[in-house]
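Construct the entire structure; sequences and hints are all you get.
Listed here are the chains, written in short residue letters.
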Amino acid sequence: MAISLTTPSATPSRPTAFLNARLVDPESGYDGPGSLIIAEGVIVDVARRPGLENLSPDVRTIDCNGAMLAPGLIDLRAKTGEPGAEPKETLKSAARAAAAGGVTSIVVQPDTDPAIDGPAMVDFILRRARDIDLVHVYPAGAATQGCRGEKMTEIGLMREAGAVYFTDGDHTLVNSKVLRRILSYAKAFDTLVAHRPVDTYLSAGTCVTEGEFAARAGLSAAPAIAERIMLERDLALAELTGARLMVDQITTADALESLQRAQSRGVRAIATASINHLSFNELDTGAYRTFFRLDPPLRRESDRQALIDAVSSGLAPIIVSAHNPLPAEDKRLPFSEASPGAVGLETLLPALLQLHHDGRVRLIDLIRAVTLAPAEALGLQTGRLSPGAPADLVLCDLGAPLVVDADRLISKSKNSPFDGRRLQGQVIMTLVDGRIVHHIRD
Amino acid sequence: MTSASDFEDPIRKRIFPFPSPHFLSIDVLDRPTADRLLDLADAMVAVNRQDEKKLSLLRGRTLVNLFFENSTRTQMSFELAGKRLGADTMNMAARTSSIAKGETLIDTAMTINAMQPDLLVVRHSASGAADLLSQKVSCAVINAGDGWHEHPTQALLDALTLRRAFPTIEGLTVAICGDVLHSRVARSNVLLLQLLGARVRLVGPPTLMPSEVERWGADVFHDMKAGVAGANVIMMLRLQLERMDGAFVPSTREYFRFYGLDAEKLALAAPGVRVMHPGPMNRGVEIDSGVADDPKVSLIRDQVEMGVAARMAILAALAARRPNAA
Numbered sequence: 001m002a003i004s005l006t007t008p009s010a011t012p013s014r015p016t017a018f019l020n021a022r023l024v025d026p027e028s029g030y031d032g033p034g035s036l037i038i039a040e041g042v043i044v045d046v047a048r049r050p051g052l053e054n055l056s057p058d059v060r061t062i063d064c065n066g067a068m069l070a071p072g073l074i075d076l077r078a079k080t081g082e083p084g085a086e087p088k089e090t091l092k093s094a095a096r097a098a099a100a101g102g103v104t105s106i107v108v109q110p111d112t113d114p115a116i117d118g119p120a121m122v123d124f125i126l127r128r129a130r131d132i133d134l135v136h137v138y139p140a141g142a143a144t145q146g147c148r149g150e151k152m153t154e155i156g157l158m159r160e161a162g163a164v165y166f167t168d169g170d171h172t173l174v175n176s177k178v179l180r181r182i183l184s185y186a187k188a189f190d191t192l193v194a195h196r197p198v199d200t201y202l203s204a205g206t207c208v209t210e211g212e213f214a215a216r217a218g219l220s221a222a223p224a225i226a227e228r229i230m231l232e233r234d235l236a237l238a239e240l241t242g243a244r245l246m247v248d249q250i251t252t253a254d255a256l257e258s259l260q261r262a263q264s265r266g267v268r269a270i271a272t273a274s275i276n277h278l279s280f281n282e283l284d285t286g287a288y289r290t291f292f293r294l295d296p297p298l299r300r301e302s303d304r305q306a307l308i309d310a311v312s313s314g315l316a317p318i319i320v321s322a323h324n325p326l327p328a329e330d331k332r333l334p335f336s337e338a339s340p341g342a343v344g345l346e347t348l349l350p351a352l353l354q355l356h357h358d359g360r361v362r363l364i365d366l367i368r369a370v371t372l373a374p375a376e377a378l379g380l381q382t383g384r385l386s387p388g389a390p391a392d393l394v395l396c397d398l399g400a401p402l403v404v405d406a407d408r409l410i411s412k413s414k415n416s417p418f419d420g421r422r423l424q425g426q427v428i429m430t431l432v433d434g435r436i437v438h439h440i441r442d
Numbered sequence: 443m444t445s446a447s448d449f450e451d452p453i454r455k456r457i458f459p460f461p462s463p464h465f466l467s468i469d470v471l472d473r474p475t476a477d478r479l480l481d482l483a484d485a486m487v488a489v490n491r492q493d494e495k496k497l498s499l500l501r502g503r504t505l506v507n508l509f510f511e512n513s514t515r516t517q518m519s520f521e522l523a524g525k526r527l528g529a530d531t532m533n534m535a536a537r538t539s540s541i542a543k544g545e546t547l548i549d550t551a552m553t554i555n556a557m558q559p560d561l562l563v564v565r566h567s568a569s570g571a572a573d574l575l576s577q578k579v580s581c582a583v584i585n586a587g588d589g590w591h592e593h594p595t596q597a598l599l600d601a602l603t604l605r606r607a608f609p610t611i612e613g614l615t616v617a618i619c620g621d622v623l624h625s626r627v628a629r630s631n632v633l634l635l636q637l638l639g640a641r642v643r644l645v646g647p648p649t650l651m652p653s654e655v656e657r658w659g660a661d662v663f664h665d666m667k668a669g670v671a672g673a674n675v676i677m678m679l680r681l682q683l684e685r686m687d688g689a690f691v692p693s694t695r696e697y698f699r700f701y702g703l704d705a706e707k708l709a710l711a712a713p714g715v716r717v718m719h720p721g722p723m724n725r726g727v728e729i730d731s732g733v734a735d736d737p738k739v740s741l742i743r744d745q746v747e748m749g750v751a752a753r754m755a756i757l758a759a760l761a762a763r764r765p766n767a768a
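Residue numbers (my numbering), protein chains in the order written: chain Z, 1 to 442; chain S, 443 to 768.
It should be emphasised that the hints constitute simulated quantities derived from the structure, not laboratory data. One or more hints might be untrue.
Unchecked claim - In the DSSO-like style, the derived pairs of lysine-lysine whose C-alpha atoms are separated by at most 30 Å in a straight line are:
| hint | chain 1 | residue 1 | chain 2 | residue 2 |
| --- | --- | --- | --- | --- |
| 1 | S | 578 | Z | 412 |
| 2 | S | 667 | S | 738 |
| 3 | S | 738 | Z | 414 |
Written out as structure tokens, the structure reads:
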């Protein structure tokens, strides 16, 4: 799709009008033709008609040709290798990958080496992000020192320094007393605590979900119920403490039922869904393809369908990329020996759009799950198309065909389960605070 | 006095190019291919019983045994099969090689591949390892056991043994007993025996059964007496000793009491029942010595003999589909 800019050079201060767009704004619930003006890095005007009259001559105009203009995506769960494993991914390569994928805000995980478990480390991430100056990078703080699951971190100081929520990332908080204290303490700061529920006794040493597929493939498997068992504990602790819990990457129908019951009792728990578990089921693993080795492992089709419904209904209101870059040497191994995880920043939006193209979820609900919903969970001003909001925007040609080629990803690691997939939806332009950080040129 | 070519003729007539470039799983076989493979193996048995055992079918070919797990009988069986077909064979064991120095499976495979072998026999503790390797090398890969996944040549030799012990496999009731969960032998055998028309039962404690095993098309029994009642064949599986002591079953003696094959349980089977075991046996754990050694019942030694013939058949068929096959 040809997108014409009236002037090639862009300065954030000069007002820009996006004309003839399909605006998708989850805050107002509007999905339709419109135009939008930004200036000084913020949105200044939104109109529900394709053209604008009487524009001052110094306004640069961009004809969107009917492409979708939506708030830039906010990804609450991206891992990088910085600090400690830079060959996998640096903050800079992750930020560039995000920009290319229309993701304007990322929350990086704290289980690095060393862990982001103190205010100085939070500050380190924020300073690196300022230097890179591409997309918004927010650190999640470790919930326990070194993500070892034992001693609480300086949650208050890290929050002041800029940590947006607290989690031990891929590490399970096995000790109920520790999680209880973290939730209790975090409540004083009204901050979100995230935990991925899994009974580690059931999951230790396993690599897939128990069932016919695992049994035939001869792979060691954990029952899907391992998720619900730990989730019930987490929900009970959230109820006990009154704290805000974010269930990291819920994947099973059973666990979703538990979450729904808890919510109806008033427990302050929300859940995220990973794009991988919305897109694939266990059978996609095929003949031991390690790019499909994930943690949590892929589930059955019925679980995937339940998860999609949960996104639609708002039970799992947030979709994350679960970006986890891994080098070839961690993946070119027998399935049970390969590391779990997949990159996802650059494919998040087109993968998401498949659920729209399939007629499975309304476009505005999908966009909400990667914009407004995560913004509200963290109290961010972005994630909406309203005057005064930051001009974090993505312009996307919804129908453009795309064949994912993992080798051409910007991410330093190429472990994409979407490799070779035909998707629809190409990010044309990404803006952060009104500045173009990614633009496809014909 | 017959010349070498004379006794090779019946073999040559039966050789056919294998329909798949590798032999990683029983699922590459269809019924006609399985039957042809077993016919070829049957002809190999005769060769193995004569004084002159060496054929020239694979002359000039190189067979490499790459064993990441310890094995005596399978490795020997493949080595002998290769030699009897006239191939040059060599063994590479993980303990004594660069694998012990941290080289990855794929690096090892690439190294071996560069030496231009024609046939690569692989055993590895990870399910799917043979599959992974087959994607990276240009020779034919034979899966000699990958994790809990498959051991297709074992199923082939078991079928050959049964074909020679019974008029037909079609309609036989075969009870596979023991640690089905961790058994690659069981997975391959279920697939092949069902393909050949046998009725398969799986017998063992629930802790040693894969989940949703009832979807394998076999009847599942947790009571061994019921499981072997009326069976024509009882195939015992090896129970790894580390799986006892409360991990999967409470103790050796409890296991033997309920799931070991002894004369009492054997008496419940059909008249003329035959007993099989892929070896090595844990006598007094899964099988009583009296049963294992009874020549009227036991096919265990036949299985070892048939192993060489079955492997000769698959090696010859795979070599016949290689480029430049004679």
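Holds or violated: residue 667 of chain S with residue 738 of chain S, Cα cutoff 30 Å? It holds: about 21 Å lies between the C-alpha atoms, which stays within 30 Å.
Could you grab the alpha-carbon distance between residue 578 of chain S and residue 412 of chain Z and see if it respects the 30 Å cut-off? Status holds; Cα separation ~23 Å.
Given the hint that residue 738 of chain S pairs with residue 414 of chain Z, does the C-alpha gap stay at or below 30 Å? violated (60 Å)
The earlier numbered hint that this structure contradicts is number 3, and it is the only one.
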